[in-house]
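Residue numbers (the numbering used here), protein chains in the order written: chain B, 1 to 517; chain E, 1 to 297; chain F, 1 to 316.
Just so you know, these hints were derived from the structure itself, not from any lab.
Treat the hints with care, since some could be wrong.
Claimed, not checked - One side only, chain E facing chain F, incomplete, derived with CB under 7 angstroms:
#1 Ser67
#2 Arg109
#3 Val126
#4 Leu131
#5 Gln134
#6 His137
#7 Pro148
#8 Leu170
#9 Phe171
#10 Ser173
#11 Gly178
#12 Ala268
#13 Phe281
#14 Phe282
Values in this document were obtained by computation on a predicted structure and should not be read as measured data.
Note that CB positions come from ideal geometry on N, CA and C, so glycine has one too.
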Amino acid sequence: MAKKQLFKSLLAGLLAGTMLLSGCGQQETGGAQEKEKEGASEIAGSEQAETDTAKEEEIIPVRWITAGTPQTGMDAVLAEVNKILGERYGLNLQLEIYDYGSYDEKMNMIISSGEAFDVCFTTQSWLNKYQPNVSRGAFLPLDELIEANAPGLKNILPEFLFEQARVEGAVYAVPNYQICYDSFGFMMRKDLVEKYEFDWENVKTIEDMYPFWDAVRDNEPDLYPVGDLSIQAFEEDFVAINMIGDYYSAGGSGVSMYIKKGDDSYTVDWFPDLVKEYKSAFGELYRRGYIRDDIITLQDDSADVTAGKYASRLGIVKPGGEIEQKLQAGGYDYVQVALTKPFINALASRAAMNAVSSSSEHPEAAIKMLEVMNTDVEIYNMINYGIEGTNYTMENGFVKEIPDSGYFFNSGWALGNQFNAYLVEGQKEGVWEETMEINNNAEVSPISGFSFNEEPVSTQMAQMSSVAGEYKFAGLYDDFEARFEEYRTKMEQAGVEEYKAEVQRQLDEWLKANGKK
Amino acid sequence: MILMRQSKKKPQILIHVISMTYLIICLIPFILLISASLTNASALNEKGFRLIPAQLDLTAYEYIFRSPVRVLRSYAVTICVTAATVAGGVLIMSMIGYTLSRTNCRFARPLSFYVFFTLLFSGGMVPSYILMTQVLHWKDTYLVMIMPSLVYAFHVIMIRTFFQKLPAELFESAKMDGASEFVMYFKIALPLSTPVLTTVAFFTAMSKWNDWQTGLLYITKEEMEPLQYMLYRIQQNIQSLLTALSQGGGISVDIRDIPGQNLLMAMAVVAAGPMLAVFPFFQKYFISGLTVGAVKG
Amino acid sequence: MAIEKKGRTEKKKSRRSTRIDNVQLFILALPAIILLFVFCYIPIGGVILAFKKFKVNLGILGSPWSGLDNFRFFFTSSDAWRVIRNTLGMNFLFIVFTTLCSVLFAVIMFNLRNRRMVKLYQTTTLMPSFLSWVVVGYMVYALLMPGEMGLINQVLTLFGAEPVDWYARAAYWPVILLLVKLWHGVGYNSLFYYASLMGIDASFFEAAQLDGATKSQQFSYIILPSLKPVIIVMTLLNIGNIFRADFGLFFNVPRNVGVLYPTTDVVDTYVYRALTQLGDVGMSTAVGLVQSLVGFVLILITNLVVRRIDPESALF
């Protein structure tokens, strides 16, 4: 008996102890964090005071975390950069580059744990996602910070970038100015176009491509007639390219919500009948033998792309696109033709942005650093390409990489204003000017800046993305008709109507707030 | 086993047939793997995996060993960390395993519960991350790779179960001779338990060898990267860059940066090879454990 | 009187020595207790995140409570039933067949006389465990590729059968996943059983031999009883994790092909897909907590049953 009692009390004691202690541990860490933060704001405060008196001497470190290929020679480049940065702006850049594969997870931990850092790379739907981070308080609202510390940003970047970055009225990240529009079209291998005497310049619709694809299918057994930028997104892209003429996107994951162009009531819908038509058309391409057989299971076709095995590819048509394609896709010459007019989606500029962390100890310095990165051509290019003579040489105004020199980041779009980047050998002269020109003249979505917050319908969203996954590539199956109707029913069961209603509700609110309705 | 020698030949042959089939099933994918790592990436997509490379291509290995120092350093990191974890882990786990196995231990039951509980509940990664980086300040240290993996409840229970089966008379008579628990642990329990300790050592080594997560979360210095983390990064880079491509124009990643499947396979070969080479060494002790146990028991 | 007194002091003595023993035993256990406490128990405090609307800038404790909101997104989902069914069903299959096959293989190895062959068999069958699921995913793909590219379809057509589109038929996948899991884990798991067989006192077999016990008698009276504790421990452990799916297996091997979701979608993959959009730490903690709780309750029940039947084998 006594023994049993002892067991029980021991057990209870141990449990209670651990609960208590784990609670305490938590409290401690939480407390420490808060204390740290308090300390930080104190420091920041005192520094502010100091910088007022002794602006020249104070050099403030900025921890900037970005995604890309880590560079072995980064220390040497940063040393050079920091000499100039310190002199010119009183800043010290502590850049950290994590590769694309680990960036998301590393950032998630750094942010969730409240670790101190200043600036990080964020995107709408790729890495370190913008909206969830904003709603969990990871980023600082920037409007006032920009006005007070980095007015240069507003001068150099067009207003619509900031407009699109707004979440519930506040800007939480600075978009990197670059190509903003989508213009779908085809890249074609020039040698094949010539061989089969295909009149590529007059391609207006997808059907116009058929003769070319027929020729490739029948005569080039080693090649695939048509591919996409991303093979797994081929069907979605195909639907989108067909929709884009008359409809524009209102966001949505799992299923895309659209609004008809010119609809003043801004009625949101998922237009299942249209989607059905286009999915069926996509299946038609497959049955005609234009699309590779293994598309449903194939995930990575990059090796085929780089070997130039696609006679044509669906993609974004842009200035210098054919040259980029030549570099990346097997060294063949390419031609490109656009099927849709340049169009700027509601959230296009969120593709690549940089945000200031709410754990930042020097938000003023962080925003200043962002300004520098977007305005100071010299510093921006140093970080992008390294040191001239060591990491690259300038030949006729083009950057030429010195191989194996340890530094050549070459991802200007992740850092800041890409139009400040020096051109790299092989790029088209005047490409930035042309791109900017199209940016400025492109049709802009009437709901530019509207972003949908999925949180209230997270259950539906999860269900819908499951259904979407299940019925992906529906058009390729023989029982398409039945399959699609099943898809429609399941989508309805998953709550597509509630989802739609929520999009509509948020959109109406947004329209009202922006004086559009 | 020794005494079954007289048994008939027939069952032995049957056993060999079964085992051989299983062996081949395990072997074929490996040959596929090695062959794939030696195949041109585009040919892999087109022709599929073959037992003999469709188009021989050594670029994957060339790429990995382009900076041999880096790979060798990763090997060194992984080997050192694994060795330290195994040595420390087996000692600490056998100690508590011994305690749990003793019938005269009054707190064995709650302590078993205390140990087992950790297998089921975890607070998730965020609290651990806070603990490691903000309380212990162990980011970019070897400690973070070793300390948390020293005790694994499952292995503790394995050891306990084995100790429980040791003949009780041994301990009783030692006790009569006035041996303390410490002495009995070192002089009786440990020497008789080579099979289980080797097993645990091997499994600890294996899980540490295959651990990429610690590297992902806590290691930012390239010279401290464990081997499996390098492999993980190649996998993840493929995934991540493919996602980037589906995002359209705003993200201009270079498709040439996507590592080929052959590179992934080559890295898998490079990462798994040494551990397989080490296994027979452990195995020797699995088997020698029998004789030791038999003589003393 | 004198005898009684002597008895009492002896009792006292033994009680004191038990106390000393227990102190020593505690010291032996202490390093592990501390390590487990620091690295397992302290972070468990983080489960409060499951009940919070986590705001990074407010910290874990400062974030507002949200009641059961975080549980809602998964458990009110219409997919929850299907996903839970797949998780429990597949894990059940895994437990039964992995144990059976591993024990079988261990016994076979134990009965093999040629040691060099034992080494060879064990080493090769262990090889699959070294491959990460991503790599395994590619290999399974190599076998099952559609059309006539995959090895299996090549074999099928060789025998005049129609090639099968494996990645389009959800019904095949429970079996495929089971086979892959067995292939990946049996060599590894059988080592546990093999090690405990190696620990059996050889004199048992000698005695059995002398008594003229048959092979099957040896199996049921010596081999099986000595494996029982390990089998129970392994099974209990697996039951504790029955609500948790092997993410790598279920994500990489079916290649995330949607048509296969009806049989391959499990809790972990579903949550993963849902949360890549939302990225909510609270929600993933909530699901993790439920997974732990279910396992915990099941373990307590199983352990209770085991304790009733055979107290020696119970875990705690």
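Verification of the supplied hints:
no., hint, result
1, Ser67, "violated, 23 angstroms"
2, Arg109, "holds, 5 angstroms"
3, Val126, "holds, 6 angstroms"
4, Leu131, "holds, 6 angstroms"
5, Gln134, "violated, 11 angstroms"
6, His137, "violated, 14 angstroms"
7, Pro148, "holds, 4 angstroms"
8, Leu170, "violated, 11 angstroms"
9, Phe171, "violated, 11 angstroms"
10, Ser173, "violated, 16 angstroms"
11, Gly178, "violated, 10 angstroms"
12, Ala268, "holds, 5 angstroms"
13, Phe281, "violated, 11 angstroms"
14, Phe282, "violated, 9 angstroms"
Comparing the model with each numbered hint stated earlier shows that hints 1, 5, 6, 8, 9, 10, 11, 13, 14 do not hold.
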